[in-house]
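Engineer: Sequence:
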Amino acid sequence: MDNTKGNILGLITILLWSSLALFTVYSGKIPAFLLLTISFSVASIIGLLMLKKQKRAISELFKVPLKAYFIGVIGLFGYHFFYFLAIKNAPAVEANLINYLWPLLIVVFSAFLPNEKLKWFHIVGTILALSGAFLLVLKDGSLEFDSKYTLGYSFALIAALLWSSYSVISKTLTHVPTFAVTGFCLLTALFSFISHLIFEQVYLPSFVEIISAIMLGLGPVGGAFYLWDFALKNGDIKILGSLAYLAPLLSTLILVAVGISSMTTTIALACILIVLGSIVSSKQYLKLITNYIFKS
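When we follow our numbering, the leftmost residue of the sequence shown carries the number 137, and every step to the right adds one.
Just so you know, the hints here were simulated from the structure itself, not pulled from any lab data.
Hints are not guaranteed to be accurate.
Said to hold, decoys possible - Derived DMTMM-like pairs (lysine to aspartate or glutamate); straight-line CA-CA distance at most 25 Å:
{"no.": "1", "residue 1": "141", "residue 2": "252"}
{"no.": "2", "residue 1": "369", "residue 2": "252"}
{"no.": "3", "residue 1": "419", "residue 2": "345"}
{"no.": "4", "residue 1": "369", "residue 2": "196"}
{"no.": "5", "residue 1": "419", "residue 2": "252"}
{"no.": "6", "residue 1": "165", "residue 2": "345"}
{"no.": "7", "residue 1": "203", "residue 2": "282"}
{"no.": "8", "residue 1": "224", "residue 2": "282"}
{"no.": "9", "residue 1": "165", "residue 2": "336"}
{"no.": "10", "residue 1": "224", "residue 2": "336"}
From just these sequences and the hints, can you work out the full model?
Structural biologist: The following block contains the structure:
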């Protein structure tokens, strides 16, 4: 169970991602790229504090390979850039459905990594979880793919491909320390601010909106990326890909708990599918844990 620590931190990352919808709701009318600017600025501060705690100089960020920066910025900024373009150029339901292909793509792409084998329970578990995620996004709404939104659908697919590719490639960059994510966040904050100036009107957030944006940076759109990087490099990427579907589930349950959303039969069924999918995909670890308990 050498991957245990990485898997646990991956699960914590997913728990942080589950607060995304809540804080996004309370971030109100902050334009998307301004929201990213604030969040990734907070994430950058987290990284700089990490460097200080590890007694490392900021200059060490310049020693990170350019290849790692390219992959990191494409992953963090590229994913969000194309996701927001997708939402603006296609109905949100369909765009989100396509976007939620990324955990499945992580599991599929991981098969091409050295010493990684894709087994039947990884595929079955991920498909079950994907079905549950689709139900969550659909809720009781309709689904209709219209050719006039092809550009938006394409942006959503690009976003899914970018994040899944970033996650899988990160698994191979074990020589790149996690503090390198600080540089990724700094550049993402910069590019997000430039995008804000180009695509959006200047906006002055309210107190509640700015606090929500800061919370996003501390958690789902910032701090979580450091944990995810460590989890990918030290955990089982196939398990993490399947567990990632817990994020939309927990996110929905949080909205239900605070009264923003309500529990429905569809949400209940989605819960069952996602939890079942996560259990199936984690079959090998459940067996190891069970053996350990009964031998103790």
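Engineer: Taking each numbered hint in turn, which are not upheld by the structure, reported in ascending numerical order?
Structural biologist: Violated: hints 3, 7.
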